[in-house]
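2 protein chains.
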Amino acid sequence: MIHGADILSYKTDKDLIDFSSNINPLGYPTGLMDFIISEFDNVKSYPDIQYRELRDSLSRYLKTEAKYIVPGNGAMEIIDGVLSKFNRCIIPYPSFIEYELRAKENNCEIEFIAPNPDLSLNVDILKSIIENCSDDGFKNCLIIGNPNNPTGYVLSLEEIKTIHSLCIENEVTLILDEAFFEFTDSNYDTVEYANSMNYKNIIIVRAATKFFGLPGIRLGYGIMNEDNVNFLKHSLNPWSVNSFAESAGRYIFNDRVYIKESVEYIKKEREFLYDQISNLNSFKIFKSRSNYMLLKAMKNDVNELFDFLLQNGILIRLCSTFRGLDNTYIRIAVKSHDDNSYLIKKLKEFYNAK
Amino acid sequence: MIHGADILSYKTDKDLIDFSSNINPLGYPTGLMDFIISEFDNVKSYPDIQYRELRDSLSRYLKTEAKYIVPGNGAMEIIDGVLSKFNRCIIPYPSFIEYELRAKENNCEIEFIAPNPDLSLNVDILKSIIENCSDDGFKNCLIIGNPNNPTGYVLSLEEIKTIHSLCIENEVTLILDEAFFEFTDSNYDTVEYANSMNYKNIIIVRAATKFFGLPGIRLGYGIMNEDNVNFLKHSLNPWSVNSFAESAGRYIFNDRVYIKESVEYIKKEREFLYDQISNLNSFKIFKSRSNYMLLKAMKNDVNELFDFLLQNGILIRLCSTFRGLDNTYIRIAVKSHDDNSYLIKKLKEFYNAK
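If you read the sequences in order, they're chains A and B.
Okay, so the first sequence: first residue is 1 according to our numbering, each after it adds one.
Okay, so the second sequence: first residue is 1 according to our numbering, each after it adds one.
I should point out that these hints are in silico values taken from the structure, not numbers from a laboratory.
One or more of the hints may lead you astray.
Repeated chains share a single entry, so a pair holds when one copy, or any two copies, can fit it.
Unchecked claim - Heads up, simulated DSS-like pairs for lysine-lysine below, C-alpha to C-alpha not over 27 angstroms straight-line:
no., residue 1, residue 2
1, K348, K267
2, K348, K200
3, K260, K44
4, K67, K299
5, K104, K85
6, K63, K284
7, K299, K354
8, K233, K299
9, K296, K284
10, K268, K346
11, K104, K233
12, K267, K85
13, K44, K346
Could you put the whole structure together from the sequences, leaning on the hints where they help?
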């Protein structure tokens, strides 16, 4: 599998707990269902082709003007649309597999950046590649997950500024995929920074999918300068956000209590998983700040573990399809306390039986 | 405006009756809302990346195997994805403006085909252009609306066979955009024909949007051979149909009573509009078999009429943005009997006052 969450392909006689899919375990905000039902008859009309109310709602949430915001059918549609503007895409790995797939679909040449030994971004290699790319007339972009998937690493604001300066100097556009940004309890706001730079050579992409517990709804958005907004307006299909996603987007970003509770819950459970898995002495754990965690098995490959967990009703994400990773890596989501405890119990059973 | 239904751009103090948007006036099928609510919590998971149940539902409706079916975020996503396979697109006009826009976005060269004087497809020009296009190694496609927008013309099965044969001989792929096909009460089924030809050089695109009264839901699908299905699987963004659209797609196609009633209602109202507008002696009427109707004003341009109707709470579609048409053309939708009667009343007022 190249994506998590393909739970139907692993259908067994049990209900599976899906640790392969990184979704807010608190579920969607209370009140959302009632709101969407109250707005149901919007389905009788085309969505506003300019998504004015949705963009206003995002504008208040992001504290940037609506003219910089483009909604899309999931963050993927925005990333795909943005990539269609470029001839070359610089991709540090390991990272979300779709960067590479969408870049290829958009006929971008790809320059990969190998990571540091701890899988963090190698800024020296990045620097040399950016400088090498700048002279041949190609339109270049650099795409980085912040937090990165599958490592869960977050860039510091200083790192972003350094990389962004390098991009400006070399006429590269920095695309920050922040689909999981809200989970990180960050001490900076990338949108605030990018706004202060007038979105020069920087595009931020976010999703409602993951943080708001709504993977089925397909709502993402990009934040970028007006030139790029106009480019996307032409390259995206019209009405790509349906009326239900549009309604959701006018509701969820107002729910401050849900947002605060989710961040705190995830942080606590991430720490719980980290401590418990450390105690197993079976994995190297990559210190994530997102709602998932990359683990490297110290001994063997993880196929046997995968099968054992599947038999016990747990689906995890094997990571050998991520560039640079092999069959000793798995990724697990941070889920509800009960689910996390059950996973720990089963991991203990597996490793104690060894 | 390049599209109908942009009602927000014409917001007045009145509620507008939107004759610019071609949607089933009976509204969506009874029971759909309850079904979608009962399936609401699907939003907590990613949609099945392979859309197995949805494709099975479509397979039963279309009487063709699920392996030939690709669902998309509206028919537009399918058309856009299909066009990305080709270097050249042959487009008879007047036709839906997005054919040209999406072809350009996909870097297709475009060959336009001028219509007969009655705006029907000029098969002689089509033949010569197809034969001219076949020798330069380009991948060629031909896209035709069936029924065509804005004329409402439907091809006969014999015409389809002729055009399709020509396409096969010259290695052109025929794309039939049948977004409005269900409205036509056709005496043939294009899918049955294409299926009998193993979908060789033919792709059919349909929508749930219009016929099922669900423009807000964004659900379309393509029917094509497995090579093309595999091409689209890679070129489309993953999970592009959201969980609400997916649920709708598992419901609406089963509602045979709604389908039958809608076809009969539209036919009756289309005839009512035709007769009433004929009596005005102010328009040439293009004999549509769809749920909209193209009119050419016999005297002046139609801007004054547009403004008069807008003041009376009616939005119609000016057609000068359609290639080949000018500011003497309008398109009106077939709506509910009350709405249609109100339109006729206002048209009478306008033309009697002249």
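We went through each hint and held it up to the structure:
no.	hint	in the structure
1	K348 with K267	within (22 angstroms within a copy, 68 angstroms between copies)
2	K348 with K200	neither (50 angstroms within a copy, 56 angstroms between copies)
3	K260 with K44	between (35 angstroms within a copy, 20 angstroms between copies)
4	K67 with K299	neither (52 angstroms within a copy, 42 angstroms between copies)
5	K104 with K85	both (13 angstroms within a copy, 14 angstroms between copies)
6	K63 with K284	neither (39 angstroms within a copy, 53 angstroms between copies)
7	K299 with K354	within (11 angstroms within a copy, 89 angstroms between copies)
8	K233 with K299	neither (50 angstroms within a copy, 37 angstroms between copies)
9	K296 with K284	within (5 angstroms within a copy, 73 angstroms between copies)
10	K268 with K346	within (20 angstroms within a copy, 65 angstroms between copies)
11	K104 with K233	both (22 angstroms within a copy, 14 angstroms between copies)
12	K267 with K85	neither (37 angstroms within a copy, 45 angstroms between copies)
13	K44 with K346	between (48 angstroms within a copy, 25 angstroms between copies)
Hints 2, 4, 6, 8 and 12 from the earlier list are contradicted by this structure; the remaining hints agree with it.
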